[in-house]
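Participant: Hints in hand, dock the two standalone chains.
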Amino acid sequence: MTTKSVLKIDDVAIRFAGDSGDGMQLTGTKFTDETALAGNDLSTYPDFPAEIRAPAGTMAGVSGYQIHFSSKDIHTPADKVDLLVAFNPAALRANVEDVRSQGMVIINGEAFTKKALVRAGYSEDPLPDLTTRFNLVEIPLTSLNREALQGLALSQREVDRCKNFFALGLLCWLYQRPMEATERWLKGKFKDDVLEGNLRTLRAGHAFGETTELFPTHYTIPSAKIEAGTYRNITGNTALAWGIVAAGEQMNNPVFLGAYPITPASEVLHEVARHRNFGVKTFQAEDEIAAASATIGAAFAGQLAVTISSGPGFILKQEAIGLAVMVELPLVAINVQRAGPATGSPTKTEQGDLLAAIFGRHSQSPVPVLAPASPGDCFHTILEAFKLAVDFMTPVVVLSDGYLANSAEPWQIPDIDSLPRKPVSFAKAEDAENFQPYSRNSETLARPWAIPGTPGLEHRIGGLTKEDISGNIVYGPENHQHMVDLRAEKIARIANAIPPAEVEGPHSGELLVIGWGGTRGAITAAIEEARENGQEVSQVHLRHLNPFPSNLGEVLNRFDNILCPELNEGQLSMLLRSRYLVDVQPFSKIAGQPFKVSEIFERIDAILNQKD
Amino acid sequence: MAAEAAPKLNRKDFVADQDVRWCPGCGDYSILANVQRVMPELGVPRENIVFISGIGCSSRFPYYMNTYGFHTIHGRAPAFATGAKAANPDLSVWVVTGDGDGLSIGGNHLLHTIRRNLDIQILLFNNRVYGLTKGQYSPTSELGMRTKSSPHGSIDHPIDPISFALGCGATFVARTIDVDAPHLQQVLRRAHQHKGTSFVEILQNCPVFNDGVFSEVEDRKTRSESALVLEQGKPLTFGSAGRLKGIVMQNGLPQIIELADDDDPVERGVVVHDERQEMRSYASALATLKRPDFPVPVGVIREVEKPCYEEMLVGQVNAATEQNGRGDLKDLLNSGDTWEVS
Ligand SMILES: Cc1ncc(C[n+]2csc(CCOP(=O)(O)OP(=O)(O)O)c2C)c(N)n1
Ligand code: SF4
Ligand SMILES: [Mg+2]
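Residue numbers (this note's numbering), protein chains in the order written: chain A, 1 to 612; chain B, 1 to 342.
Looking at chain B on its own, in the form it has when it is part of the complex (with noise of 0.2 angstroms):
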C-alpha cells in the first residue's frame, strides 16, 4: 500500500557506502546480499527499516545496510530493538546477533524479548565460535572443541539455538543456510510476514576459526542427505532418488525409516510438517534432530499467533485516554488534598 506510491526500490538503494570488512569468504557476505535482495519485495518504506545488532563479527552489519542502523553494545541488541519498537510500532525491526552475543552475554535478553512477542525480526548468525575475539569456543560450539580459550577441548555442552527459543514461547521458529540463497530469502519474507518475534537461526560458515562446521548442509552435494527441508503439509523426507528416506515418530521419539522411491511416505507413517501445531512438543522433537544421526531440519518450524507486547501496550495507553480522558498535568499537579496560602 505504502509501497505503491513510492518509487519501486531495488537491491542497490539497500547498499550502504561504506566497505564491508569481513574476512573472505565468510558466510555473512552472503547473508548480507540475501537480505538485500529481499528488502525491496517486503513493501516497508526504507525509511520504516531498522537494523539492530549487538557487538560481533556479525553485529557488524547494520553498517552495510542503507536503512536505519544502530550498532550497540555486547548481547543487548534485543533490548535496544524492544524500546525502538515500542516507541514507534510502524519501523521494521530487525535485531542481527551472533551466537555469542545472543546466547552467552546476551541470553537473558534474547530470552525475554522473544517472551514478549514484539513484532521484530532476530536473525542470529550461528558460526559456533566467537570470530570477533578470534576464535574462542562459543556457547554453541561442540564439546571438545578445541581453541585457544581451550587448547584441552571444550567443556561446556553447546545450547541449541532452535530449542532455546521454542523454550522462550517464541512464535516464529526457523533455521536456515548462510549459502543457500533461495531458502535464505524465503525464511526472511515468511520472518517478515509473521506478526510477532521472528527467530531465525542461519548457519553461517567462519572460514577463519570454524571453517566447515556445516560443510555437510552448505554443500549442494551433500545437502540432501544431511539437510531436512521443511514444507508445510509436506511429509518429513529426504534424501535423493533411491535413496530416500521418512522421518516417523515411534513411542513419541523420531526414527528414520528408509523409503522406496515409489513408496507414499504418509501411508508409511511419515511424519507430516505441521508448523502450526499448537502444542510445542512437536517443534520440540524437530528442533532435537542433530547430525550424525539424523538430517538438520531447515526451514519454518513453528509459527503461531499470540498478542504483541507492543501492540497491548499503545493498547492501554488508548484505552487508559478513553476512560480517563487525555491527561492533565494541571489536574495531575492539582489532584488529592491541597491548600491555599494568601
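One chain only, chain A, in its complex shape (with noise of 0.2 angstroms):
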C-alpha cells in the first residue's frame, strides 16, 4: 500500500450529479451530515429536476447536490465547486461548467458509451478538451461496484443502485470524513443483502481511494470555530415545519394546518403531518382556497391557524386572506416562493412575491409580512409570526424561498426554554355582560379572539363593512375610513412589536447593502470578500418587510450609497424609495438561482470605486 500525503485546506466545495433515479440527494445528503460531524461550517444546495422521472441519461434528468464546507464562518453554497462527481456524461454537461478551472472532476468511465453522450447531447467526446482544463479522473465505477457486491442475493439492478455509495465513501477517504453515521442510517433503513451491499460499496470506496495510484493526496478540513452548543443540520423546510408544531407547544393551543400541495411547499405538510402527537391537525384541502377558507374556519373555532402554499397557490388565497383582514382573525400564510410566472419553473428560486404578500389583495388590506434569512431561521420565524398573528388579530404572511426550502445548514438546537413562550387567551364567558366583539386593546388595537362554544358571546362576523366596537354592518362613509385607518394603524403599530434594524459593520458611511429573506448567506459573504480587500461596506438584512422596523428610514439616511440585491425586479428596492424618498439603486437577478457571491461583491466594488 502506497502511503498517501494529507493536504490541510480551508475550504472546499463538491457536486454530486448523476440522473435523479442515480440517488444524488441521498449520496449528498449523507455526505453533509458526516461534513457536519467532523466539526466543518457547511451549506448545500440540492438542484432537482421538476420531473419525477424524465427519460435517463438526458440533461432534464439531472439532479445534483452542491455543498460547500470550511474550517471558517461560510454563508453559501460557493460559486464554483473545487469537485465534481459526474455518474454520467448528462451529468457532466450540465455541472462542468462550474467547476473552477483545473479543479477535480471524476466520472463514471464506463457510462460514458458513444450512446450515452450522444443521448446527453454530446456531438463529439468532450473528454480530450476536459483534460485540459480539468483535473479528470476517470474510475470504472460501474465495474468496481459490482466486485464489491459480488456473492450477494442481488439482481444487476440492484447491485447498480448501490454504486452512488461507493462514491459516497471514496469522497469520505478524500476529505477524511467519517462514515459512522452513513452506516448508522443505512442499518437502520436497510435488512439482509441491501444493508450488506450498501455498507459492502461504501467501506470499497473508501478503500479505493486508498489503494488507487489515482488520488496522491487526500485532505483535511479542520473543524470550524462555532459556537458551543448542540447541533444538527436543517432544511428552511423542515425548520418552517417544526416551527408550526413548536407555536402549538409554546402557545398551548393546537395547531391547524391547511395546504394543497405544490412544489416546493408540499414537504412541510408532509412533515408536519408525521407529528399527529402533538395534537396539530392537517388538512388537505381540494384547492388553496380552500387550504387559506378552512384554516380562517379552524382560526375562527380557536386553533392556531396555518396555510402553506408557494407563489401559484398563494395568489389563489389572496382573497380569503383579504377576509381574515377584515375579520381580524389570526393566520400564517406561509409562501415558499418559486420562479414564475404562472407555472414558471416549480424548483427553482425567486424572491418575486414580495409586493403580491403586502399589496395583492384588493382594496387596503393591510397584513405584516416576515421572511427567514437562513434555513434554521425559518423556525424562528414561524414563531415570530405566530405570536404577531394572535398578538394583534391579523393575518401575517411569511416568505420563504425554493433556495431556502431545500439548503440545509447546520442549525444550533435552540434551548426549549429560551423560545417565547405565551399561550393564547380567549374571551372569557365571564366578561358576556359588557362583551364587544370589535373592541379593541388600546395598546395592539387588537379586537378579542372570542370562540364559539364561550357561553354568551355569541356574535356574527364576516365581509361586510364593519362598525367599529359593536361589529354591527354600517355602510356610511365616516366608519368606512374609520375602519380603514384603524386597520392599517393596527399594522403599523407591529413596527413598536419587532426589533429595530440593526446595522452590520461600520454605522454610516459609503455603502449599505440591504436585502431580505434567502439572499443573506450570499450578500454576507461579498461582503466579507470586499472588507478582506478593504473595503468598507455595512449590511442591514430586513426580516420585516412590512411594517419596515421604525429606524430603517435614519439607517438609510446615514450612507451615501445603498444596494439592494433581490431575486425579483426590485420589489423591495421600490418600497424603499417610495417610502423613505432614498436612492437605493436596485440589483435584479431573476435566473431561478440564488445569487453567487461574486455578482454580488463585483457590484459593490464597481460601486465603492465609481465616484473617482
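Think of the hints as simulated: they come from the structure by calculation, not from any bench. In this text, a Cβ means the ideal position worked out from N, Cα and C, and glycines have one as well. Just so you know, not all the hints are guaranteed correct.
[What the hints assert, rightly or not] Short, incomplete list of chain B residues facing chain A, as computed with Cβ under 8 angstroms:
{"id": "1", "residue": "A16"}
{"id": "2", "residue": "E47"}
{"id": "3", "residue": "N66"}
{"id": "4", "residue": "F70"}
{"id": "5", "residue": "R76"}
{"id": "6", "residue": "F80"}
{"id": "7", "residue": "H112"}
{"id": "8", "residue": "P182"}
{"id": "9", "residue": "S240"}
{"id": "10", "residue": "V296"}
{"id": "11", "residue": "V317"}
{"id": "12", "residue": "T321"}
{"id": "13", "residue": "G325"}
{"id": "14", "residue": "R326"}
{"id": "15", "residue": "G336"}
{"id": "16", "residue": "D337"}
Facilitator: Below, the structure written as C-alpha cells:
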C-alpha cells in the first residue's frame, strides 16, 4: 500500500451529479451529515429536476447536490465547486462549467458510451478537451461496485443502484470524513443483502481511495470555530414544519394546518402531518382557496391556523386572506416562493412575491410580512409570525423561498426554555356582559378572540364593513374611513413590537447593502470578501418587510450609497424608494438561481470605485 | 343532556338584534323563521351553534341568527365550515348557501365537503337565480331563462342539486320548500339528527327576479299534485282523493300509474320509499323526477351511514399520541443526527 500525503485546506465545495434515479440527493445528504459531524461549517444546495422521472441519461433528468464546507464561517453553497462527481455524460455536461479552473472532475468512465454521449447532447467526446481544463479522473465505477458486491443475492439492477455509496465512500476518504452516521443510517433503513451491499460498497469506495494511484493526496479540513452548543443539519422546509409544531407547544393551543400540495412547499405539509401526537391537525384541501378558507374557519373556532403554499397557490388564497384582514382573525400564511410567473420553474428559487404579499389583495388590506434569512431562521420566523398574528389579531404572511426550502445548514438547536412562550387567551364567558366583538386593546388595537363554544359571546363576523366596537354592519362613509384607518394603524403599530433594524458593520458610511430573506448568505459572503479587500461596507438584512423596523429610514439616510440585491426586478428597492425617498440602487437577478457571491461582490466593488 | 342543565330557550333567543334586509315576500324570511323555531328543540347549547355562509342574499342568513356566525366569501363557506368543525367537533355547524354560491363558484368545495362527510348541515337555498347581483341566471336556472345576462335565453343546461349531492356520495340528502313550515322543520330536525353531512335543498322563491318558479309546490292547492312527499316505508303516492297516483318502476325507469281510492298501492306495484337503501341508484332515480312530467320529491331522499372526517382526524391524533406518547418538542428538535460543539 502506498502512503498518501494529507493536505490541510480550509475550504472546499463539491457537487454530486447524476440521473435523478442515481440517488444524488441521498448521497449529498449523507456526505453533509458526516461533514457536520466532522465539525465544519457548511452550506448545501440541492438542485433537482422538475420532472419526476425524466428520461434516463438526458439533461432534463440531471439531479445535483452541492455542498460547501469549511474550517471558517461560510454563508453560501459557493459559486464554483472544487470537485464534481459526474455519474454520466449528461451530469457532466450540465455541471462542468461550474467547476473552477483546474478543479477535479471524477467521472464514471463506464457510463461514457457513444450512446450515452449522444443522449446527453454531446456531438463528440468531450473528455480530451476537458482534460486540459480540469483534473479529470476516470474511474470504472460500475464494475468496481459490482466487484464489491459479488456473491450477494441481489439483482444486477439492485447492485448497480448501490454505486452512489461507492462514490460516497471514496469522497469520505478524500476529505477524511467519518462514515459512522451513514452506516448507522443504513442499518436502520435496510436489512439483509441490501444492507450488506450498501455497507460493502461504501467501504470499498473508501478502500479504493486509499489504494488507487489515481489520488495521491487526500485532504483534511479542520473543524470550524462555532459557538458551543448542540447542532444538527436542517433545511428551511423542516425548520418551517418544526416551527409550526413548536408554535402549538409554546402557545399552548392546537395547530391546524390547511394546505394543497405544491412544490416546493409540500414537504412542510408532509413533515407536520407526521407529528399528530403533538395534537396538530393537518388538512389536505381540494385547492388553495379551500386550504386558506378552512384554516380561517379553524382560527374562528380557536386554533392556531396556518396555511402553506408556493406562488400560484398563494395568489389563490388572497381573497380569503383579505377576509381574515376584515374579520381580524389570526392566521399565518406561508409562501415558499418559486420562479414564475405561471408554473414557471417549480423547483427553482425567486423572491418575486414581495409586492404580491404586501399589496396583492383588493383594496386596502394591510398584513404584516416576514421573511426568514436562512434555513434555521425559518423556525424562529414562524414562531414570531404566530405571536404577531395572535397579539394583533391579523393574518401574517411569511415569505420563504425555494432556495431556503431545500438548502441545509448546521443549526444550533435552541434551548426550549429560551424560546418565546405565551399561551393564547380567549375572551371569557365571565365578560359576556360587556362583550363587544370589535372592541380594541388600547396598545395593539387587537380585537378580542371570542370563540364558538363560549356562552354569552355569540356574535357574527363577516366580510361586510363593520362598525367599530359593535361589529354591526354599517355602510356610512365616516365609519368606513375610520375602519380602513384603524386596520392600517393596527398593522403600523407592529413596528413597536419588532426589533429595530440592525446595522452590521459601520453605522454610517459610503455603502450599505440591504436585502431580505434567503439572499442573506450570499450578501454576507460578498461583504466579507469586500472587507478582506479593505473596503468598508455595511449590511442590513430585513426580516420585517411590513411594517419596516421603526428606525429604518434613519439608518438608510446615514449612507451615501444603498445597494439592494434581490431575486426579483427590484421590489424591495421600490418600497424603500417610495417610503423613504432615498436613492436605493436595485440589483436584480431572476434566473431561478440564488445569487453568486461574486455577482454581489462585483457590484459592491463597482459602486465603491465609481466616484473617482 | 347538556340542554337539561341550561335554561330552556325559545325562538326569540335565536333572533339577532339586526334588521332583516331581504325584499318583502322573499322566501328567505320563512326559512329564517322556521330555523329559529327549530333551534331550541335541538338540545344544543346556543353557544355551540355556528352558522357559516358564503355570499348572496341567502348568505346574509347568519347575521340574523343569535348564534355564532361567519359570513365568509363567495362559494367557500363549506371550506370555512370544514375548518371550524375539524377544529372543534363539539360545534353544531350549519352552512347556508345559494344555488350560485354553492353550485357555481363554490361547486368544488361543496363536492369535497360532502364527500368528506363532516357532521354538519348544508342548507342550499335554491331560487334558480342570482338574487344579490340582481337577477342573472344561475346553474339551476332552466334552459332558455331570460335574464339581464341572458337576454336571448340561457344556453346553460341546469344542474340538479339533489343529483349533484348524491353524486358526491352524500350520506343525507333532502329537499323541502320555503313556505311549508311543518315539512321544513321536520327536514331540519332530521338533518340535525343525521351524523354526517346533511345536504338540504330548500326551494325558495325570489319574488323580485324569479317569481313563481316553484309556485306549483309552494301553493297548497297544487302541492298534492305536484309534490311527491317522501316518507320512510310508505309507497310513493301523490294526488288527492279521486285523483291518486303512484310511482312504479318499469325497466328500471319511474312511471306514473293511476290509483283508485281503495287500491293498495303496494299491491299495485308502487315503489315503497326506502331512504336507507345503500345502492345509490334508487335515490338517483328519485332525483330525476321533475315537473312537468313527474311530481317533485320532497322529504328525505337518502340517509346512510359513513365515518365522519372530523372523528377520523381526532382519532388519528389520539392514536398517534397513544402509540408514540405525547409529542415532546425537545425530543423532536434533537431527533436524528446531532453533534456537540464545545
Ligand atoms: C368572488 C366574487 N365574485 C362575485 C361576487 C358577486 N356575487 C355575489 S352573490 C352572487 C351570486 C349569488 O347567487 P346565489 O348564491 O344564488 O344567492 P342568492 O342571492 O340567489 O340567494 C354573486 C355572483 C362576489 N361577491 N364575489
Ligand atoms: S333579490 Fe330575491 S332572493 Fe334576494 S332578497 Fe330579494 S327576493 Fe330574496
Ligand atoms: Mg340564488
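Participant: Hint by hint, say whether it matches the structure.
Facilitator: Each hint, compared with the structure:
1. A16: OK, holds: B/A16 within 8 angstroms of chain A, min 7 angstroms.
2. E47: holds, 4 angstroms
3. N66: With a closest approach of 6 angstroms, the B/N66 hint holds.
4. F70: holds, 6 angstroms
5. R76: At 4 angstroms from the nearest chain A Cβ, B/R76 passes the 8 angstroms test, so the hint holds.
6. F80: holds, 4 angstroms
7. H112: holds, 4 angstroms
8. P182: With a closest approach of 28 angstroms, the B/P182 hint is violated.
9. S240: This interface hint is violated because 44 angstroms lies over the 8 angstroms limit.
10. V296: Cβ of B/V296 sits 30 angstroms from chain A, so the hint is violated.
11. V317: holds, 5 angstroms
12. T321: Holds, about 5 angstroms.
13. G325: holds, 7 angstroms
14. R326: holds, 6 angstroms
15. G336: holds, 7 angstroms
16. D337: holds, 5 angstroms
Hints 8, 9 and 10 from the earlier list are contradicted by this structure; the remaining hints agree with it.
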